[in-house]
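J.: Listed below are the residues making up each chain.
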Amino acid sequence: MHLLQVSQLQKKYGNHEVVQNVDFHINQGECVALLGPNGAGKTTIIKMILDINKLTGGKILLNGKRHDQMRKFIGYLPQHPTFYPWMTGRELLIFMGGLSNIERDILEERINELLKLVGLSEVENQLIGTYSGGMKQRLGIAQALIHQPKLLIMDEPVSALDPLGRRDILELLKVIKQKSTILFSTHILHDAEELCDKMLIINKGQLLVNGSIHQIIEQTQKPIFIIQAPRLSEWTHQLMNEDLIESIELTGNAAKVRVKNIEQGRDWLLSHILKAQLPIQKFELVQESLEEIFLRMVKSS
Amino acid sequence: MHYGYHIEIDEIGAWLPLLLPILILHLILFSVALVDLLKRDQSTDYKWLWGAVIILVNIIGPILYFVLGRRQRSDAPTSSKSTPKKVRKS
Amino acid sequence: MNRFTVLLQKEWLDAKRSYKLLWLPVVFMFLGILQPLSSFYLPEILKMAGGLPDGITITLPELTASEVLASALTDQFDQLGLIVIVMATMGIIASDKNNGMLAFILTRNTTLVEYLLSKLVGHAVMIAGSIFLGFLTAVFYTFYLYQAVSVARIAAGLGVYYIWCLFMLTFVIAIGALLSRTPAIALLSIFVLIFLKTITLLEGGFQILNPAHLSNQAVSIITSGNVLPHFFITMTVSVLLIVFCLIFATSYLSRKELPSM
Ligand SMILES: Nc1ncnc2c1ncn2[C@@H]1O[C@H](COP(=O)(O)OP(=O)(O)O)[C@@H](O)[C@H]1O
Ligand SMILES: [Mg+2]
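These protein sequence lines are chains A, B and C, in that order. According to my numbering, the first sequence is numbered sequentially starting from 14. According to my numbering, the second sequence is numbered sequentially starting from 600. According to my numbering, the third sequence is numbered sequentially starting from 3.
Calculated from the structure, these hints are not laboratory results. In this text the structure is predicted, and so the values were computed from the model without any measurement. Virtual Cβ for every residue (Gly too), placed ideally from N, Cα, C. It cannot be assumed that every hint is accurate.
What the simulated footprint calls covered on chain C by chain B, stretch by stretch (three residues with Cβ under 8 Å from a Cβ of chain B suffice, anywhere in the stretch; the number is not a length) [as the list claims (entries may be wrong)]: (1) 13-27; (2) 234-240.
For lysine to aspartate or glutamate, the following EDC-like pairs were computed, each having C-alpha atoms within a straight-line distance of at most 16 Å [to be verified]: (3) A:Lys235 with A:Glu304; (4) C:Lys18 with A:Glu304; (5) C:Lys258 with A:Glu104.
Counterexamples of contact, computed for chain C against chain B with all Cβ distances above 10 Å [claimed, not checked]: (6) Gly93; (7) Val115; (8) Thr139; (9) Ala154.
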């Protein structure tokens, strides 16, 4: 049995389909990244799993049971955590732990451990109102872990942070990941790649790819010709309407050309370059990077 | 016939124990509000404005400060999340 | 530890940190002092101010001690006091709802009922303490300036009056569940509550269905030791309205998709 099973998940606001028939599952111990550009529907999916937003279709099972009875087993870090500013960090953890029915003495012990883990021991008695964004994020992670949830769900845990803060949190998550099952959303491929082994790429509410990073690369990677030459733009202009060409991307004096068939494409491109007497500096066949796969999928969907 | 106040010394003596509690209550509210305002991480303009309210408006001033002056951004709806977004027709 | 206790402790901490625990009782103590002091010294103040111009005489009624106490309820607590209670409670649901905290804590093991009950009990205790302290100061001043009144009557009257205060509280909670903006919550609540209070001045049978009428019942208990007719009907209606407000708040909030962080 999967820990989390999402089937045919659907969300409509009026006529606007924000999430469309999304299917995926997460197994115990996995770290899964929910990847997609802003507005893709990541937050909506997460809030539906937590029963904050109601489903308009589909089913979510946690440990085989309906999700609305199981949300107490989830640790949740919201996208914009705004906890009570008049509480201290420790008081918030006591409050959240109390809501999860943890015995007081066990709770104290666990709070001390967590504060040390997220590096907030020094400021535990300061008001949350005085915390920086990164500190609030850490506190948010601590409160999400306080009841030792079966599944830890984090909505863009690093997106709002500066590079240093983001580094810190990513390192922290790497530690946490060894013991927990994690689902986290991000719009930055790099974070997903660094932290997780499985990825769900979504755009406009649709699940585009679902699988491990290796699988995604193997199954969806496409070759690209990189052509470098001066005054490329005139030449690429002529290629636009060719049947063989899938897409052309021009940056400076280099062009990334995707073709539908490698052999035909290569011959055709070379002959065309000769015909146009293009003074090329580079003609290379490379494989798409994960980032290029991601961008291609998001654009074409 | 005369206008204007005319209070005998012994009359003040009779009033004082009755007025003292009011004075003490006022002093408590006044000083707590003022100390809180000074500790607050806010602009000088804000402090002058509420300082004036606390000092000049007896009794009601500190209370207005506690109810309205201490409300922070956290009370306001966060970003655009709480307002329903425009629904696109497809 | 019990979740309800945890929520209640949070309310308490909030009240302490926001100074509500300080200013709410202090306001009521002011109001309590104001009535006996002004009733007693008004004639003297007028005299001291040089009296009235010739030809104008005001006959100030001679008030008894119990009448002074009763008017502390109707003239102070029911006017400025009512506004203060609304101001102290206008944001208790709306702020948690608007900033997403309510949706967030509901992802834990809590239920809306526990949450709303913690709000209700926390503030009911605070309001009880405040009107108790306020009335206690009124009693001290009245006993000192006028004469003693039966303590049993005072306690009974205040108890009845407290049910009307509980209605105010649950009404504001219901409006707070319904609306989001605190100024709107405050205005609507004050408008309706003052309206209910004002129509108690009118004659008519519908009074017995009006929770504000409990304030008149309290006055009657304090001044005469007896209740007005139909006391138990008004009491029952008020309690039912309190329960209704709570059920309304619970079902409205549970049906709605709450704003979240
Ligand atoms: N309450 C709502 N009403 C209408 N549309 C909404 C609402 N919440 C989100 N949306 C829409 O759903 C889409 C996905 O939003 P969201 O899940 O927040 O995206 P992400 O988290 O991936 O950036 C957006 O187009 C957004 O406008
Ligand atoms: Mg989002």
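J.: If any of the earlier hints don't hold here, list their numbers in rising order.
T.: Hints 2, 4, 5, 6 and 8 are the ones this structure does not satisfy, whereas the remaining hints hold.
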